[in-house]
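Student: Take the sequences, apply the hints, and build the full model.
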Amino acid sequence: MEDEVPVRPWLADPPTVGAVLVVHHGGRWLPKVLASFAQMDVAPTAWRVVDVASSDRGADLVRESFGPDRVLYAGSGTGFGEAVRRGIEALPPTDWVWLLHDDAAVTPDTLAGLLDEATTADDVAVVGPKIREWPSLRRLLEVGLTITSTGARETGLETGEPDAGQHDWAEDVLAVSSAGMLVRRSVWDELGGFDPDLPLFFDDIDFGWRVALAGYRTRTAPNGVIFHAEASRRGSRPRTAGDPEPWEARRAALHTILTNTRGLRLPWAALRLAVGTLLRVLGYLVAKDPEAAGDELVALREVYGRPGRLRAARRRKAATVRRRHRDVKHLLAPAWLPYRHGLDAIREVAVALVRPETIETTGRRSTLGDTAPDEAEDLDDGPPLWRRRPWLVTVLLLVLGSFVSAGGLVGLGSPLVGGALPPTPETTGAWWQLMVGRTPDVGLGSTDFPPTYAGLLALLGVPVWFSPGLVVTVLLLFCVPLAAMTAHRLGRLLTPRRGPRIVWAVGYGLAVAATGAVQQGRLGTVVALVVLPVVVNTALQLHARPGRQLALRLGLWVAVAGAFAPVVVPMVLVALAVLAARRLLAAVDAAVVAAVALVLLGPWTVGRALRPWRTWWEAGYPVPGRADALDVVLGRAGSLGAPAWLTVPVIVLAVLALLPTRSRGTVVRCWAVALGGLVTAVVGTLVTFGTGGGARDLTAWVAVPAVVWFAGLATAVLMAAVDLDLRSRPAAAGLALVALVMPVGAALWWLSGPSGAVDRAEPSVVPAYLTQRPGSTLVLTGSLDDGVRTRVVAGDGPFLGQEALEPPRDRAEELDAAVARLLTRPSPDDVATLARLGVGAVYAPDADPGVADRVDAAPGVEQAGSDRPGSRVWTLDATPRRPEVSAPVWHPLVTGLQGVVWVVAVVMTAPVRRRPVVEDVPEDVDPEPVRIAP
Amino acid sequence: MSRPTRPEGAEAPGARSTGRRVAARAPRRRVPVALAVVLPVVAALVVGLAQLVGPARTAATPPRQVPLDRAAYACPADEGLTVAAGQVRAGRSASVTTPGGDPPTGLDAPGRWRTAPGAGGVVTIDQAGAGSGPVGFTAGRAPRSAGRGLVVGSCPDASGDAWFTDTGSGGEHTTTLVLTNLGDTPGVADVRLWGPAGPVDAVDAKGLLVEPRSTRRVRLADLAAGEPLLAVHVERVRGALAVSALDGSTADSAGTELQRSTLAPRRQQVLAPLPVGETGRRLTLVNPGDQVARVRVRALGQDGAFTPEGLTALRVPGGRVVAVDLPQAVGSGRVALELSASEPVAASVRVAPTGEDFGTATATTPLTGPAVVPVALDESRRPELVLGATSGRAVRVGLTAYDASMRRVDAATVRVAGTSTLGVDLARTLDLGDAAYVVVRPASAGVVGTASYTDGDRLALLPLRPAPVTAAGPQVRPAP
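In order, the protein sequence lines correspond to chains A and B.
Take the first sequence: its letter number 721 is residue 721 in our numbering, and every next letter is one higher.
Take the second sequence: its letter number 22 is residue 22 in our numbering, and every next letter is one higher.
Source of the hints: derived by calculation from the structure; they are not laboratory data.
Certain hints may be false.
[Said to hold, decoys possible] Between beta-carbon pairs, the in silico distance windows are: (1) B:Arg-393 to A:Ser-752: 53 to 61 Å; (2) A:Pro-849 to B:Gly-333: 34 to 42 Å; (3) B:Gly-226 to A:Gln-863: 32 to 40 Å.
Glycine included, every Cβ here is placed at the ideal spot set by N, Cα and C.
Tutor: What follows is the structure, encoded as structure tokens:
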């Protein structure tokens, strides 16, 4: 620094500086602070210390350092401003006053740097130092201050911004922190010092604002540096009676704005702050920070409830105003700044809500990283990444594998469609519209409640509003890493052994894909199977730590899985009953779980989740599954899956897993879960179900319970392997090889990129030109001999979620009867019936000659051009009538209520934020007393 | 159980994990191995039982009888013929039109059996009413130019293509196709012809246009002249076309018949039963395909089924018409012919016992509902009913006579033995009195029938068809 010693003309006639140090329970910092005072190159000419009721050793320290003459004592509850006032009154007359905190250390030339700037002009009334963080010393805290229109203290710095000299030029600012503030004594006296209504917070900003309005300038002095622990703001200062309450900060902000805003801007500012505060209350409640929300309300009451105090303060301050608002406007924060902060806050809330459990429970861990704290270090050398963070590498490989497996299906543009999967809508707004509307734009109209999963998709789709297909793409095509991740997280509860756990988790992820669910577009299966490990995980936690919050969370996750695959609900209900009966779960907790899940699912519960056999209809079209009991045993539900024999080794090992005595109890429980899945799936293969709209005789797709069966067996193997020392027994090593057959085989199958019904394509349910015509299109499939299937689609067909809305039974039956007559002995009446039901065209994608003949013969039907060979299109001469079907008015209310219940449940499940409790830090034992020269 | 010592390389559980590894906790009690082994056994039992029961499968949805509430038909109403209209149950409304002319009066009462003299042209009747089953007939004696034969034919509706196997365009055997468009949109039909020597090239036989609500008569001679024996396929391309064939012969064997379509080519079919009479029975078959069809004929006689010698392996080359006189082995009794072919064929039998007139028995599907038989088209013409049971089981058939006001006159039940035919003289079985028509109701499926009308040497055969109360249609349901 010596080569940068500035020229200091003021040294010839140094101005006098009186320093005031306010001490309040600062024993933790004072030893270092006092030591820094003793080493100043340019020191204040006079000192006064005001001790505000310190009960720690700080009082002794300052007495020893300054001697009893220079220390004043103030009672508890004395504000900073008041303490400073007393200190200044006790000072001899000086040109400048320097305010110091007990948690701010100075450098030898801090004061000199401040005086450099203070002496540049006569209208400079206040100079503030560059404040760095203590103890990091490198991070910038403040280089000048201002306030936003919403009452936020604004430094203009990034959080944790390191000091690299980027702010090292002096400039005019609205205010500087009171820590290290150098004030011209005359101005201090003129303005009456800090506002007595601001005992701790915002006193500096308020003062700076008044200085500016009085026509003086506040400057930053980057050459003066202090290190500030910001003990009060961070709450690290031990609290004692009489200290300002936390809500004081917000009250001070409101008070500062409302007393310094002049003229006609005041009513607007008052209204805006009131409304803004209420919004913040709401935000804090959603983010589960009830204390902060309470503070906001108290602050609002304290400010708006005492107008007399406001008026008095305004009158007092008005006396010194010599400038108009527009003269100081440039010093205030720009108008857009609060909104950026608002966005940041929303982002924070969102992060808090979706934050994976891992972070919540284990601090810095992320879902990807499976690192113990010791593994996080030594990034540069040591073992390769796959040994240090094998799970992270595995997940990355699975993600990579997903890209390979999906091939051309990954991407944007056209939505994924095919099999059971309808296309996604063009924007997420369509999902919201589906949730709140009463007249969905579906073929024959519908009075059904919107499906619960559409609500969840609407929520998930908000960040990708104009490309909601991303949600489905990620869920469907990346189901293997997703399922493996949730399984691995569950696995950490099950076993400490990393190797088997990773194999097990990857095996589970691949088992989800091996069902062929992706190829068939079974989104419901995929989501339910991704979520199920979380359900089990939460259930295990609930078993270990009974409590309402965990029960609520379990119910929430069951509802998520049940919304996509309703069959989960009866399975879980039975499991809860068994667990409660065996006293593995408290009966009350089990009841809470069941009730929460059913309430969250709302009308879905009645429509699907508890309707016998219709529970098998998952999200998407109820495309029949084709599985018999043997398929189920091998963890399959029909065609398009991986080779079924891959599962055989797991079954064999699971039977062997029953042999080791030590782990048998756990293994038996895994088997019990597996049997539950097996029985459910087998029952599914024996039944058929029908939909409300009339489709019937549908066989079930039983992949969800089939995978539960497989996962139960795999877990049994895992639990037995935990107690087996593989290295000591060659035979056991052989068993481990057998256990690898399924994951390796399934992975090879998966990587080969099996194709299926799902494709990335524009929805082509009907020829494009028909979507432009009025009325809906009747799509006919099948043949006269084997039966004809009807589907009435509006526009270019239903999007994901709409397919669950079924036409009113009477309209569907009327349509089918009319079509049956049309395809038997066509008459004008039948065509008129179709038009009355809103049908404007008939489309047969693979026209059966018999069907085509009969429609040809129908009066009032014209042949039209078709878009591809083998298909036929007819248009109706009659004008189709719009289906006047709408759900009852109370439906959206129920759906809205359901949405509120979801929000409440999520909020109640999220961890509550509490103020950190200040731990008593042991103080240094008997520090050497520092003597400050007079 | 003590916690296993942590193997090397396994990660440290960490302070936070302690107490959370709940599932791995030691079980409280040792589980006996016997109990553990029960679990796989239970799984095996569950699966075994399920395999025994078998997985649920989606049931087939074959065609079924679709209830109809409206039907329209077209009756050729040349001069000298009488149009009769009736129904199984009183209808709601009926509209009568004659394309290009005034409709005859008295045919629009949907609750009565009504008749009206033909005045040329075609009478179309469109009758509505659930379960009404409206039917129409044309009866009378054809003029000399058309063969002077007795005509009793049922009026065709607009369902499906039309097939005729015994028509002609020369050699004094002339056939006229009567195409009536019952709809409001243009109708288009293609006509294909086959002769004994193979497919016959026809002139202007493609895209025959029939304007809405109009009739077009097509003489086969205009399409392909000089063919004494032709098989015809009228392929309906578009529109609601009703097709019948007015078949007349002025040769040695004269006569007239108003034919309705026989069944489209198929491998299994039963022809309407034939009345008594050994001579002049000719079976005509057409094979529209490319492969040779081998046809085996089984006769359902009065005493049961038999396979007549000479008809065990008829050979019908692809694209040809083959006519076979029924051999003596068929006998002279009432008989229904059952055909089994290796390739789809269409067939009919012409019966010309005297040479003065002939009748045609087409292939029909067994009755699926009530059929109407007119019995008072002329006082002298009380028809004989020939019923055949196609299955091995005997079938009871209810016969109910009604007068023109649809009042029941008399009823009887007859029993047709399995795989045999039965002649029923309606005038003897029922006290017909002033009955206008008889409704034939088989108690179960598998009955075919013919009403045989005679007037001296004149003969007309009316194969029984179910009234359109229901019709075979597809099972329709929403797509999953």
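Student: All hints are to be evaluated individually against the structure, with a verdict given for each.
Tutor: Outcome of the hint check:
1. Checking the proposed 53 to 61 Å range against Arg-393 of chain B and Ser-752 of chain A shows it holds: the Cβ atoms sit about 57 Å from each other.
2. The supplied range of 34 to 42 Å is met by Pro-849 of chain A and Gly-333 of chain B, whose beta-carbon atoms lie about 40 Å from each other.
3. Here the CB-CB span from Gly-226 of chain B to Gln-863 of chain A is close to 36 Å, well matched to the stated 32 to 40 Å.
The structure is consistent with each of the numbered hints, conforming to all of them.
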